[in-house]
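Just so you know, the protein sequences line up as chains A and B, in that order. Once you know that position 103 of the first sequence is 103 in this note's numbering, the rest is easy, because the numbers rise by one and skip nothing. Once you know that position 24 of the second sequence is 24 in this note's numbering, the rest is easy, because the numbers rise by one and skip nothing.
In case anyone wonders, no lab produced these hints; they're calculated from the structure. On a predicted model such as this, the values are computed, not experimentally measured, just so you know. Each residue gets a CB set at the ideal place from its N, CA and C atoms; glycine is no exception. One thing to keep in mind: the hints can contain errors.
[What the hints assert, rightly or not] Sample of chain B residues facing chain A (criterion: CB under 8 Å; computed from the structure):
#1 Arg20
#2 Val37
#3 Val129
[As the list claims (entries may be wrong)] Among the chain B residues that face chain A by a calculated CB cut under 7 Å, a handful are:
#4 Asn18
#5 Gly72
#6 Val74
#7 Ile78
#8 Val170
#9 Gly171
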Amino acid sequence: MGSSREISVSLVADKVKELFVEANRTLGADVRAVIEAARDAENSELGRWAFDQIVENIDVAARDSLPLCQDTGLAVVFIEIGQDVHLVGGGLVEAVNDGVRRAYKEGYFRKSVCDPLSRVNTGDNTPAVIHVDIVPGGRLRLLVMPKGGGSENMSTMAMLTPSDGVEGIKRYVVETVRRAGPNPCPPIIVGVGIGGSMEAAAIVAKKTLARSPGRPNEKDPRLAALERELLDDINALGIGAEGYGGTTTALAVHVDMIPCHIASLPVAVNIQCHVARHREIII
Amino acid sequence: MKQPVVIHTPLDERTRRNLRAGDRVLLTGTVLTGRDVAHRRMYEAVTAGRDLPVDLDNAVLFYAAPTPAPPGRVIGSIGPTTSGRMDRYTPMLLERGLGAMIGKGSRSREVRDAIDRHGAVYFGAPGGVAALMSRCVREARIIAYEDAGPEAMMELAVVDFPLVVINDCVGGDLYETVNRETP
Chain A
1 MGSSREISVS LVADKVKELF VEANRTLGAD VRAVIEAARD AENSELGRWA
51 FDQIVENIDV AARDSLPLCQ DTGLAVVFIE IGQDVHLVGG GLVEAVNDGV
101 RRAYKEGYFR KSVCDPLSRV NTGDNTPAVI HVDIVPGGRL RLLVMPKGGG
151 SENMSTMAML TPSDGVEGIK RYVVETVRRA GPNPCPPIIV GVGIGGSMEA
201 AAIVAKKTLA RSPGRPNEKD PRLAALEREL LDDINALGIG AEGYGGTTTA
251 LAVHVDMIPC HIASLPVAVN IQCHVARHRE III
Chain B
1 MKQPVVIHTP LDERTRRNLR AGDRVLLTGT VLTGRDVAHR RMYEAVTAGR
51 DLPVDLDNAV LFYAAPTPAP PGRVIGSIGP TTSGRMDRYT PMLLERGLGA
101 MIGKGSRSRE VRDAIDRHGA VYFGAPGGVA ALMSRCVREA RIIAYEDAGP
151 EAMMELAVVD FPLVVINDCV GGDLYETVNR ETP
């Protein structure tokens with residue numbers, strides 16, 4: 001019998017709080033690096049002006065401990081729990097929501113969650129959207145993503161059919177980005193989930209957004225090639241930073257894939273704005 | 001690159017008519033904020049024959065809901081939300097004197113036509129640069145719909161607020177120009 005390891009849910013709550021505060025104020029160095037590279041390669045004057053604002057904002061937010069964006073997002077949390085972990089001291093979901101509540105109050109973040117019909121704000125940015133996977137081992141991995149509404153609204157999914165093939169997937173992804181135009185705050189990162197079922201494709205797409213931008217799919221060379229082709233096709237649209245026209249519309253395209261039904265070809269496109277916020281920790 | 005046009009509120013029709021899509025501007029003066037909830041409520045007020053809670057005559061309306069102001073600050077981070085969600089309410093507000101809008105993203109045909117008809121203007125503010133943008137805000141107070149929380153309407157005093165003209169009143173549209181010029 002493997003021994004179990006106890007982890008207190010109050011520790012999880014504290015970490016969730018810390019990660020959301022940090023994610024909303026400090027952009028990852030990897031994201032910043034691709035933004036700066038894109039600024040240096042930008043041909044459009046208005047586009048370069050937009051990039052200058054974006055880079056300056058990253059500095060100001062970190063220096064003044066202010067949120068990078070006024071949309072501090074819906075709190076999306078991915079948790080991998082090792083099957084040898086025994087969570088103690090209360091409920092996991094309650095702990096995650098407690099961490100989110102404290103982060104958004106103490107960080108002076110905007111509360112952006114409401115009842116879908118009445119539109120009455122829940123007041124504390126909960127509930128979080130929580131995805132849990134059980135994995136081997138005795139550790140717990142937390143990945144938090146404050147997800148903005150503007151880019152999420154431009155995300156789409158479609159149940160393509162096997163005959164649509166790779167070309168159909170490419171057309172669908174590029175068309176989603178073209179139709180989104182200036183709305184999702186380009187330069188964007190495009191997360192593509194292929195396969196699975198309807199909901200699984202969307203989760204795969206969202207998970208790709210936590211990858212370091214521009215790092216290719218390392219599991220499948222077909223997907224790495226697809227990422228390069230999609231990035232070229234998307235940047236040929238010329239939408240540019242903030243939609244003002246220019247060389248870079250997308251900083252990166254991330255594709256991942258899982259097997260699907262013989263009748264189906266699900267494709268989900270999750271769009272992430274340039275304020276690509278995520279933080280993770282292993283407990 | 002052309003120097004930005006310096007403009008002040010009240011933004012009269014003559015000033016608005018001189019602006020062209022693609023111009024960069026620096027705006028100083030009074031700006032109102034309002035987004036989804038405020039628009040729905042203003043629409044309901046007009047439909048029910050009630051007065052609007054704010055004076056829209058030549059007003060500049062910024063589609064924004066800032067983060068709460070930390071201690072010692074006038075405002076938290078602030079930036080534009082996607083304007084298209086306000087489209088169904090916008091022609092009605094332009095008819096009631098609204099002079100300019102600040103947001104991000106494309107507008108409907110109906111809104112662009114109403115902008116032409118009323119000599120209005122739609123400015124784009126860069127999205128996702130809200131910590132930087134907060135530096136342009138010198139005063140802020142809630143003026144309507146306080147119960148809507150972050151979506152309450154505010155009046156802001158802004159200085160040198162950097163914007164780009166997206167839709168001017170002679171049919172110019174920066175986003176469409178970008179589209180057309182792409183091979």
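Consistency of the hints with the structure:
For the restraint placing Arg20 of chain B at the interface with chain A, the shortest Cβ-Cβ distance is roughly 13 Å, beyond the 8 Å limit, so the hint is violated. The beta carbon of Val37 of chain B is positioned within 8 Å of a beta carbon in chain A (closest approach about 6 Å), and the interface hint is therefore held. Hint status for Val129 of chain B relative to chain A: holds, with the closest Cβ pair at about 4 Å, below 8 Å. Checking Asn18 of chain B against chain A: minimum C-beta separation of about 19 Å lies over 7 Å; hint violated.
Interface hint at Gly72 of chain B: violated, since its Cβ lies 11 Å from the closest Cβ of chain A, which is beyond the 7 Å cut-off. Taking 7 Å as the C-beta contact cut-off toward chain A, the hint placing Val74 of chain B at the interface is violated, the least distance being around 12 Å. The interface hint given for Ile78 of chain B holds, since its Cβ lies 5 Å from the closest Cβ of chain A, which is under the 7 Å cut-off. For the restraint placing Val170 of chain B at the interface with chain A, the shortest Cβ-Cβ distance is roughly 20 Å, beyond the 7 Å limit, so the hint is violated.
With 7 Å as the threshold, the beta carbon of Gly171 of chain B stays out of range of chain A, its nearest partner Cβ sitting at about 18 Å, so the hint is violated.
Hint violations for this structure: numbers 1, 4, 5, 6, 8, 9, all remaining hints satisfied.
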